[in-house]
Amino acid sequence: MDILVKILYAIIAIMVATIWGLTLVAIVRKIYARVHGRFGPPLWQPFIDIIQTHARRAQVSHGLMFYLGPVFRLAGGLGTFLFIPIIYNSAVFGNFSMAGDVLLVMYFIFFGQLGMALGAGEGGHPYSPIGVARGLAQMATFELPFSLAVIAVAIQYHTLNITNVVAAQQGGILNWTLFTNPLAVIAAMLSLLGMNSHAPFSLVKAPQEIPIGPPIEMNGSFLGILQTNRGIFTAAKLVLFMNLFFGGAAHPNIFVALLIMMVKTFSIYMFSVFIGAAFPRFRPEQSFRFFLKWPTIIGVLSVIFIAYF
Amino acid sequence: MEKKYIDEIEKEMKLANEGLPEHERKFFSDARPSRIEPLNKHLENFVNWARSKSLWILAFGTGCGSTELRPLMTARFDISRYGISGRPTPRQASVFVIGGYASMKTIKRIVRSYEQMQGPKYVIALGSCTINGGMYYDSYNTINRIDYYIPVDIYIAGCMPRPEALIAGFEELKAKIRKGECDGMNKYADNFDWYKENQKKIIKDWNMPDYNW
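As they're listed, the protein sequences go chains A and B. If you're matching positions, the first sequence starts at 0 in numbering that gives the first Met the number 0 and goes up one per residue. If you're matching positions, the second sequence starts at 0 in numbering that gives the first Met the number 0 and goes up one per residue.
Excised from the complex, chain A in its bound form (with noise of 0.2 Å):
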């Protein structure tokens, strides 16, 4: 009875997520519209493109791994998301935290890309594995001053566990990572920026070169799946920086609770929204140069830092 109790609230929290993920989605789109000087499209319109994809009459696949692809990538943000505690102590949000979840989390947005990968490959157009090569690329050298970030956050605190890093940094604003440990938190923030793919670091799907990129085949429920994802990843990813770096969101009361992991995810995202609404786009090369300079030293830095001081 228990599991099905969990599983019951997982489904919640996957809803949560999803909804407050897509109208991220959509409060971005506006954003850039009103720095374009645009209306911008309405804040359901991702619901509504999510319909209409699944809504169309005819789709095309290319075999058994085309249809794998978009699965692996939805598994990979529900695998991301279900190991991170949105809310501190709490039953419902609490979702699977378990010892070592930190790594799990780590290897889970990796492996969404991956799935894509295959499942791009598969579709046979051209720009499809252009895109993924660009995308796995930027993803090797994101990961490495955002994996620096996490080990100096483990340090920090003695543990791989995301619950005992939120509970560490309960008790005022001075005890988040922000304030304890800023270098690593300014390398973790440098490698969101690649994560998010907005620009300067948004050359994965680059829309006037290689058009979108990876899913350029999918179509239909393929795309929809994918999109669905999106607003989970989104999510998935912003909240476990929110733990990771921002004290969490812990209130006894739930939907104060909830409250505080908006306002703290949504002011997290205008980090990279706001960098990405004032950036042209970088040039492949350049954008790996980036991640293996500046922010993989910070990280290092923060390694440094807090096991010697």
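Just to be clear, a hint being listed does not mean it is correct.
Estimated spans, in silico, between C-beta atoms of each pair [stated by the list, open to error]:
| # | chain 1 | residue 1 | chain 2 | residue 2 | range |
| --- | --- | --- | --- | --- | --- |
| 1 | A | 172 | B | 40 | 51 to 61 Å |
| 2 | B | 174 | A | 255 | 20 to 30 Å |
| 3 | A | 207 | B | 140 | 22 to 32 Å |
| 4 | A | 279 | B | 41 | 11 to 21 Å |
| 5 | A | 42 | B | 41 | 24 to 34 Å |
| 6 | A | 117 | B | 41 | 37 to 47 Å |
| 7 | B | 25 | A | 4 | 54 to 64 Å |
| 8 | A | 3 | B | 18 | 53 to 63 Å |
| 9 | A | 117 | B | 25 | 40 to 50 Å |
| 10 | A | 35 | B | 40 | 35 to 45 Å |
| 11 | A | 270 | B | 200 | 38 to 48 Å |
| 12 | A | 109 | B | 180 | 44 to 54 Å |
| 13 | B | 18 | A | 117 | 30 to 40 Å |
Hint data in this document are derived by calculation from the structure and do not stem from the laboratory. Note that the structure is a prediction, hence the values are computed from the model and not measured. A virtual CB, placed ideally from N, CA and C, is assigned to each residue, including glycine.
Following the hints, complete the assembly by docking chain B onto the known chain A.
Showing chain B alone in chain A's frame:
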């Protein structure tokens, strides 16, 4: 019926793909497009509403009319307010805006892109040239009526129509979709041979499969 005859009929139903060289034919599909019936009434009404609220234009400018799409996308007219956005690949797009005159070369690409779009798909023909040839009515390398080659849902007359006219056309298309009257995909499948015949009359260097998936 004997199996021999069934096999023969099935063979005749397959597309010949005669434009392709012999050794390449096996790489391409030889199936015809088939008619796909709509869902039941209420479900179809709902998905038609969703389809009309989220139109994805294929970003392929086929003539001078596509210059009118740029002000539509950007700050002055901002078509994303109406749930319309551009998609760079025909696989994901649902609306094909034929931007004005279609030359012999372009009509080949138009047919290819149109067939690759996944239904239900809608076509907006923009400008006088798509209706009767417009100022190119006697040109040797421009087609006169786009309707002979792909099914068209909405015509927007004018040379050039203003972006406002395009927005009005999109609103008209939305109303038609919600009524369930835009069935170009099935129309194309039903009259496939007629459309193919017309296309092959115009396109002399037919070096692609008869139906592009």
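- Item | Violated hints, by number in ascending order, as checked against the structure | 2, 4, 9 and 11
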